[in-house]
Structure formats: structure tokens, C-alpha cells
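Colleague: The residues making up each chain are set out below.
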Amino acid sequence: EAAVTQSPRNKVTVTGGNVTLSCRQTNSHNYMYWYRQDTGHGLRLIHYSYGAGNLQIGDVPDGYKATRTTQEDFFLLLELASPSQTSLYFCASTQNNYAEQFFGPGTRLTVL
Amino acid sequence: GEQVEQLPSILRVQEGSSASINCTYENSASNYFPWYKQEPGENPKLIIDIRSNMERKQTQGLIVLLDKKAKRFSLHITDTQPGDSAMYFCAASGGGSGNKLIFGTGTLLSVKP
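Residue numbers (the numbering used here), protein chains in the order written: chain A, -18 to 93; chain B, 77 to 189.
You may find that some hints are simply not true.
Stated by the list, open to error - Covered stretches of chain A (chain B as the covering partner; in silico rule of three or more C-beta atoms under 8 Å from a C-beta of chain B): (1) -12 to -2; (2) 72 to 83.
To be verified - For each label pair, taking beta carbons as the anchor points, the in silico distance ranges come out as: (3) Leu58(A) <-> Gly77(B): 33 to 41 Å; (4) Glu91(B) <-> Gly21(A): 24 to 32 Å; (5) Thr50(A) <-> Gln157(B): 27 to 35 Å; (6) Thr(-6)(A) <-> Lys145(B): 46 to 54 Å; (7) Leu58(A) <-> Ser104(B): 40 to 48 Å.
Keep in mind the hints are simulated off the structure, nothing from the lab.
Treat the numbers as computed from the prediction; the structure is a model and nothing was measured.
The beta carbon of each residue, even a glycine, is placed where N, CA and C say it ideally should be.
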């Protein structure tokens, strides 16, 4: 099964803080995604990428930046964290269209 | 933006009965419809999917139906067991490339023994 890891698993920061969430997949998947999960909203796509150096804007991108440095690594950056960004963040990867997206274990972020 | 509506948000059934979850989508170009199951404290995992060239797919007690004219698809779990208790998400592929998925808001299924 595809392996997707995320770090940190839990993070607490203050309003205005700078946070970087990391995701690594070791299956040479082309596509990687960042989602946030909130009760009543399901999974919402923040940013995604087709490959190293590529970045696509998702459905809820405001307040987030992302960078895909290698085939394996995809980072989500919150440069001025706000309490509204308190959420459970999932990274996912897939090889191509119509294929299963494999999710990482999630990062729970709290912004005080 | 594009949305996928999922109902009901909470579903309680008796063990052995069937459970049905319904989703509707907006984009007529959507052509891939996966279903994910998320157990408490875990990540979502794919349980079944259907492409737009099919109307019905069945695997291991799960049935997915797709009505492209109505832009509606549904998951039916037959002979539910307590282990089926979880959050279920439907999704539809967004327009364009990149395998972008638009997820529904989820259904919390509780199967009572």
C-alpha cells in the first residue's frame, strides 16, 4: 500500500505564527494534495501539485501557500496563522486520474 | 465553486439492515466518483469507486449506483455490521485535469447491534 507520512502530527501555535506542515510519499506518485477537514464541511482542497515545482490552487487557498520541492515532498505553509485555520490537515497522493488517493495520518493544528 | 451535496449527515441503522447514502454533483464533466470510509482517529480510505461509463458497481456488500442524467450517485451497504460504523464521504472529480476531487460533507453511520 502507498505510504504517505505527515509531520508534525500535532501542532499548537498562536495567532500570527508561522507554521509549516510536511508531507512525504514514497511511491513516486505524480499528484499530491493538501486538504483540511472540518465538521460539517468534509474534506476541502487547499492546494495540489502535478509534480516537483508545480502548484495548483485548490478550493480554499486563502491564507495558505504550498511548495512541492521534490517528487516525494509537499509542504503547506501558514505564514500568519489565524484561529480559523484550526483544523485537521490531510495530505494525499495518487498516481493518476481515476486512481485511489492515499491519505496520510493527518496533522491536527490548533491556532490560539 | 463546485459542490457535492451528501445526505443524510447522520444515519443510524440496526445491524443486518441496509444503509443508503446519496450524493448529488453539479459538474456534468465529472466522470469519476469514489467513496471513502473514515474510522474514528484514522485517515480516509477508498472503499469503492465508479466511473461515468458504468451505472452500477458492486463489491463485498457495497453497491454504488450512478445516474448521470440526474447527476446523482449513491452508496448502499447491505447487511450492515457494527464494523461498518464510520464516517463516509462521497466525491466527484472536478472539471479539468489533475484528478481533483470534490468531497461531500460526510455521513456518520452508526450500526447498532
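Colleague: Against this structure, judge whether each hint is valid.
Modeller: Consistency of the hints with the structure:
Only residues whose beta carbon comes within less than 8 Å of a beta carbon in chain B count, and the stretch -12 to -2 of chain A has 0; fewer than three means the coverage is violated. Only residues whose C-beta sits within less than 8 Å of a C-beta in chain B count toward coverage, and the stretch 72 to 83 of chain A has 7 of them, enough to reach three; the restraint holds. For leucine 58(A) and glycine 77(B), the Cβ-Cβ distance of about 22 Å falls outside the hinted range of 33 to 41 Å, so the restraint is violated. At roughly 27 Å, the beta-carbon separation of glutamate 91(B) and glycine 21(A) lies within the given 24 to 32 Å, and the hint holds.
Our hint of 27 to 35 Å for threonine 50(A) and glutamine 157(B) is violated, since their Cβ atoms are close to 44 Å apart. Range check, threonine -6(A) to lysine 145(B): about 48 Å between beta-carbon atoms, so the 46 to 54 Å window is met. Separation of leucine 58(A) from serine 104(B) is about 35 Å and departs from the stated range, judged on CB atoms against 40 to 48 Å.
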